[in-house]
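> If you want the building blocks of each chain, they are given just below.
2 protein chains.
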Amino acid sequence: MPKVLEFFFDYASPYSYLASTQLEALTARTGCTLSWRPFLLGAVFKSVGKNSPPGGTFAQAKYQLKDLQDWSDLYGLPPFVLPAAFPMNGLKADRLGLVALAEGQIAAFTRAVYRRAFTQGQDVADPALLEAALAEAGLPVASCLARADAQETKDLLRKNTDEAVERGAFGAPTFFIGEDMYVGNDRLGMVERALRAGT
Amino acid sequence: MPKVLEFFFDYASPYSYLASTQLEALTARTGCTLSWRPFLLGAVFKSVGKNSPPGGTFAQAKYQLKDLQDWSDLYGLPPFVLPAAFPMNGLKADRLGLVALAEGQIAAFTRAVYRRAFTQGQDVADPALLEAALAEAGLPVASCLARADAQETKDLLRKNTDEAVERGAFGAPTFFIGEDMYVGNDRLGMVERALRAGT
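Same order as they appear, the protein sequences are chains S and H.
Residue numbers are given in our numbering: position 196 of the first sequence equals residue 462, and the series is strictly consecutive.
Residue numbers are given in our numbering: position 126 of the second sequence equals residue 392, and the series is strictly consecutive.
Hints are computed from structural coordinates only; laboratory data are not their basis.
Treat the hints with care, as some may be off.
Chain copies aren't distinguished; within one or between two, either way the pair holds.
[Stated by the list, open to error] BS3-like, lysine-lysine: derived pairs with alpha carbons at most 30 Å apart:
#1 Lys-425 to Lys-328
#2 Lys-332 to Lys-316
#3 Lys-332 to Lys-312
#4 Lys-269 to Lys-332
#5 Lys-312 to Lys-425
#6 Lys-316 to Lys-420
#7 Lys-312 to Lys-328
#8 Lys-328 to Lys-316
#9 Lys-269 to Lys-425
#10 Lys-332 to Lys-425
#11 Lys-358 to Lys-420
#12 Lys-425 to Lys-316
#13 Lys-316 to Lys-358
#14 Lys-269 to Lys-420
#15 Lys-269 to Lys-328
Extracted from the complex, chain S is given alone in its bound form (with noise of 0.2 Å):
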């Protein structure tokens, strides 16, 4: 049996951002399958007693800019750029993560947004982008809109959000192999060494 990797992602978060560019070689590499679960990133933060990012003091954002840009760089990726609206509220993106799921076009979706949000800069909450990405993964916009707003749907996302707090989840992106959880697009050395682990 293949080890499952569960992805628990906001896609107003730019480490989960970063995340999300590796895991196609990832899951490659190692064999395993890739479960993709949009939470709510401003409610865990909110669960944990947390600010919303980028928080903490002007060294440390300033810090983190920079380090949203070492990464983009390590990883080949367009230059990082950080979206004038942020932090941004990534609730209907997240829901619309959740149809792009049940429609088998996650991966273009979240690619999508993904490059308009930290490339170019444009706000994940923007119907714009969302329709734009939609469209890019080959998806009904007026219908996944439906969807997206529908009381499943908004369930759904409220469950995934729950369940992770539950599990220990206090950021994104967070992986778990089973109840092995890892914090951060920083540890998926990390990750990628527990799924070769016993194979």
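For this one, chain S is given, so just place chain H on it according to the hints.
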């Protein structure tokens, strides 16, 4: 000219411990010169308005301990032990580190302190630990303890700390290659990449 890697660290910091175990091999691989810069992490936190570690929530503290164990395992170190006294006061150890540096024995002193703290669970503020670490490093215990309390040593620790904050530090370990800053044991890969760049 070999590049200089500045290593700002505190003897009370578990992630500084982890990073310190990798520096000998890193400097050998890259040909850089290592500059040991003990500083007082508590004063850094205070200056940027942060609480002392482990801070945050129970979920974060629980994960951080697991993460420290993961890194110890990855690095092939003995199992990580969090001292019962954590968070600890590194002041005396940091001042002694400056004395050991002046005596050319900081690598040995640092290994001796960190092994006792983070693999045996001893308190870095405990005089018995400090005396044993000095002796293990081949240093004269009584005279080193006296020098650690000298105004010159106190001033130097404060200078290192103030300088680090001035240059943007907000945690430990903090690395500088010139004014290119990297924060955290988990950025050592980035540090190595920067040391190799353009050589």
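> Indicate which option fits the pair Lys-332, Lys-425 if close means a Cα-Cα distance not exceeding 30 Å: within, between, both or neither.
Answer is between; shortest inter-copy Cα gap is 26 Å, intra-copy 34 Å.
> As a check of your reading, is Lys-312 near Lys-425 (CA-CA no more than 30 Å) within one copy, between copies, both or neither?
For Lys-312 and Lys-425, the Cα distance is within 30 Å only inside one copy (15 Å; across copies 38 Å).
> First find the shortest C-alpha distance between Lys-425 and Lys-316 inside one copy, then the shortest across copies, and answer within, between, both or neither for a cut-off of 30 Å.
within (20 Å within a copy, 32 Å between copies)
> If the cut is 30 Å between Cα atoms, do Lys-269 and Lys-425 qualify within a copy, between copies, both or neither?
within (23 Å within a copy, 51 Å between copies)
> Please sort Lys-269 with Lys-420 into within, between, both or neither, judging by C-alpha distance up to 30 Å.
For Lys-269 and Lys-420, the Cα distance is within 30 Å only inside one copy (28 Å; across copies 53 Å).
> If the cut is 30 Å between Cα atoms, do Lys-269 and Lys-332 qualify within a copy, between copies, both or neither?
between (34 Å within a copy, 21 Å between copies)
> How would you label the pair Lys-269, Lys-328 (within, between, both, or neither) given a Cα cut-off of 30 Å?
Classified as between: cross-chain Cα gap 24 Å, same-chain 38 Å, threshold 30 Å.
> Should Lys-316 paired with Lys-358 be assigned to within, between, both, or neither, using CA atoms and 30 Å as the limit?
within (22 Å within a copy, 33 Å between copies)
> 30 Å Cα cut-off: does Lys-312 pair with Lys-328 within a copy, between copies, both or neither?
both (23 Å within a copy, 18 Å between copies)
> Quick one: Lys-328 to Lys-316, C-alpha cut-off 30 Å, is that within a copy, between copies, both, or neither?
both (19 Å within a copy, 16 Å between copies)
> One pair to classify: Lys-358 and Lys-420, alpha carbons no more than 30 Å apart. Within, between, both, or neither?
within (10 Å within a copy, 54 Å between copies)
> Taking 30 Å as the upper bound on the Cα-Cα distance, should Lys-316 and Lys-420 be classified as within, between, both, or neither?
within (23 Å within a copy, 35 Å between copies)
In the structure shown, no violation is registered for any of the earlier numbered hints.
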